[in-house]
Amino acid sequence: MTAAFVAGADAPTEVPLKRRLKRAERARQFKALALVLPLLLFLLFTFLGPIAGMLWHSVEDWEVPKTLPHTVAALSDWNGKDLPDEKAFAALAGDLQAARAAGTVAIASKRLNYTINGFRTILASTARNLKTAPEPGTAKDTLIAINPAWGDRATWAAIKSASGPLTSFYLLGAVDLTRNVDGAIVAAPAEQAIYRDVFARTFTISFGVTALCLILGFPVAYLLANLPAGRSNLLMIFVLLPFWTSLLVRTCAWIVLLQSEGVVNDSLRWLGVIDEPLRLIYNRFGVYVAMTHVLLPFMILPLYSTMKAISPAYMRAAASLGASPVTAFRRIYLPQTLPGVGAGSLLVFILAIGYYITPALVGGAADQMISYFIAFYTTETVNWGLASALGAVLLLATLLLAVVYGKLVHGQQVTGGMKN
Amino acid sequence: MMDGGMVGTAQALVRFVGVQKTYDGEHLVVKNLDLDIRKGEFVTLLGPSGSGKTTTLMMLAGFEVPTQGEIYLADRPIKNMPPHKRDIGMVFQNYALFPHLTIEENVAFPLTVRGTAKAEVQERVRNALRMIKLENLAHRRPGQLSGGQQQRVALARALVFNPQLVLMDEPLGALDKRLREHMQLEIKQLHEQMGITVVYVTHDQGEALTMSDRIAVFNDGIVQQIDKPDALYEQPVNSFVANFIGENNVLSGTVENIEQGFCRVALTSGGSVVAQAVNVEGPGAATALSVRPERIVIVPDDASTGGASTDLANRLPATVQDTIYLGDHALAVLKVAGNGEFMVKLPPGAHAGLGHGQAVTIAFRPEDCRALDPV
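Chains as they are written, first to last, in the UniProt record's numbering: chain A, 1 to 420; chain B, 1 to 375.
Where hints are given, some of them may not hold.
[What the hints assert, rightly or not] Estimated spans, in silico, between C-beta atoms of each pair: (1) TRP270(A) <-> GLY25(B): 43 to 51 Å; (2) GLU186(B) <-> PHE238(A): 47 to 55 Å; (3) ASN226(A) <-> LYS177(B): 32 to 40 Å; (4) ASN233(A) <-> MET194(B): 41 to 49 Å; (5) LYS177(B) <-> ASN233(A): 34 to 42 Å; (6) GLU105(B) <-> PHE207(A): 46 to 54 Å.
Hints listed in this document are in silico derivations from the structure and should not be mistaken for laboratory results. Even for Gly, the Cβ is constructed at its ideal location relative to N, Cα and C.
My request is simple: use the sequences and hints to build the entire structure.
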């Protein structure tokens, strides 16, 4: 009886336990997947897709190969040291005539104009003056006669560098680098080199806003976590009320308050503190004030939740063991708030480096952050390559911070520091 | 009844003098507390929740300020001294080990905040960890330790700086029964070895009886009695203490007369007994009699003439309700003089002979029956 039972129990072990577990879990996994599928699809189309597209835009180079296909083919074996041979000139002449007929010269000239300012004129004039196809063997002379720029190696290097299908032109441009005639990476000319400054400005403003939020938010979060429930709830409403108001409304409210004829200046003048209105807006000061106000809840809430979890018994224990209030705060309370400080700071910083509307409305020309330039290239000049490249650099910075944040949070869980 | 709390000023380490405390300005949580604690003594503040025992401890630690009165520590008034200057070690209910510091750093904390030299800190921390047998866990964090281990660390941390007084606020409340009993003995041993003065708060009377030199029973903001454990149990001065400490049988009645410390009490349900007059106002006053279960015997009905038990002067008829077998002993639940929960501790093997509804006679000595204030 016992033997038969044991034998019966042994038989199914031919299927490994691991696989049986997997089989048993499968139905549950499918159910879980089905639950998140709608959101997953939504994110795929509205978030991951556009981001992938944007990253692709920052490296793809399609205009020139599409408009001047024969020229691109003829330049493929050009050594880049001397002028290209007659074959390339003939191919360009043919391509230009075809492009003129198809009305696509502007596409290539827009792209080539990014590399050499004025290329649009060279290409347009050449296409216009090229009445008939040049006699075989005379293409070179004909083109140089129409525009001497064709006798310049740099003109051809520009076409070759834009011949796709992938390019590092935009990404290099986003960090103020470019390639010279020989294809080596060099610093961009001074008048075009603005993005490092803009990134530096973006990070400076974001860092400043984060620091201000921390300085202003820490005491508020402490109060919230330590006041009796009634007053703490009231204070929490004051913290959350702006949070529930539209970003645009809050930013515009600051314009009303801070402008030359605004509430603040009028009050100060009425009080006789100042004669001339202070410049409080459309400068860096206005940006700091408005952004700090908008982002403050993102600092206070993580700090609050961390502080709420710190038992008052710790401070009492520290005092009973001989620590003065300052020592107890520094050695016992502050270290335990660090996860909240980290979470809040990274959250505020990551949100701040992507800020667009607030600096655009309350900042001056020298206070615009990187998002402003991304918007400018996307909607104004339709230079999607550069806009995408700037976005890619920003995305990279954000991802790096997110990784740091993840490490920080994860590290806390491993040590069990949040427990107790 | 506060007399037991007063000792000579010279040997008292802690003195509460006329201390009152109110939080809302209407109700006194602690009413007129006078309490002396001698050096080297283990004193337990015992009482139900809300009785003022924790408030008293917090005032001593410095986390609450007395509304009136003064507290002296080694003859210095400390009412307005901040907690960190009092040199009092404290063990909290939930240990309050600093979660971001290792065990070693936790124990070193009271030394480092006092600026003790590094070598000495190391030496004393090592000794403290050896004392609680947790040397091998020095580099763990509190979250990785069991409750009992955390409790031992909290103890080491409160003792490592040789404070003149150690306070413990229900330190064993979160542990399971077996571990709690083990830790009680361990704390008791530490107290005896190191000669420290301990003020211990608990609501567990068994814990208080096991560990204390003296116990202060709190109720309603007042110390009801402060005495040695056996005295509290054997000679409670009022009904609250009699009921709070151990099992107690209550019979209510009226005092008929008082003579040489004994009184005759007419029970409400008829019959009369002789009891020690402990806390009665005089003839005609209501009283509650207190008799411990182990001081009562069940006697045969015809034993009224038995020569051996002549000092069992009090005899009352009873009806058996139930018997409870508890391993090392058994209890009979009787109905006596209208009280249906009258407990009698039975000698080994005696419970088998008692059945529900059986009429028996109980007997006890007048010395074992105390006439206290009516409940």
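Hint check:
| no. | hint | in the structure |
| --- | --- | --- |
| 1 | TRP270(A) <-> GLY25(B): 43 to 51 Å | 45 Å, holds |
| 2 | GLU186(B) <-> PHE238(A): 47 to 55 Å | 51 Å, holds |
| 3 | ASN226(A) <-> LYS177(B): 32 to 40 Å | 36 Å, holds |
| 4 | ASN233(A) <-> MET194(B): 41 to 49 Å | 47 Å, holds |
| 5 | LYS177(B) <-> ASN233(A): 34 to 42 Å | 40 Å, holds |
| 6 | GLU105(B) <-> PHE207(A): 46 to 54 Å | 32 Å, violated |
Of the hints listed earlier, the one the structure fails to meet is number 6.
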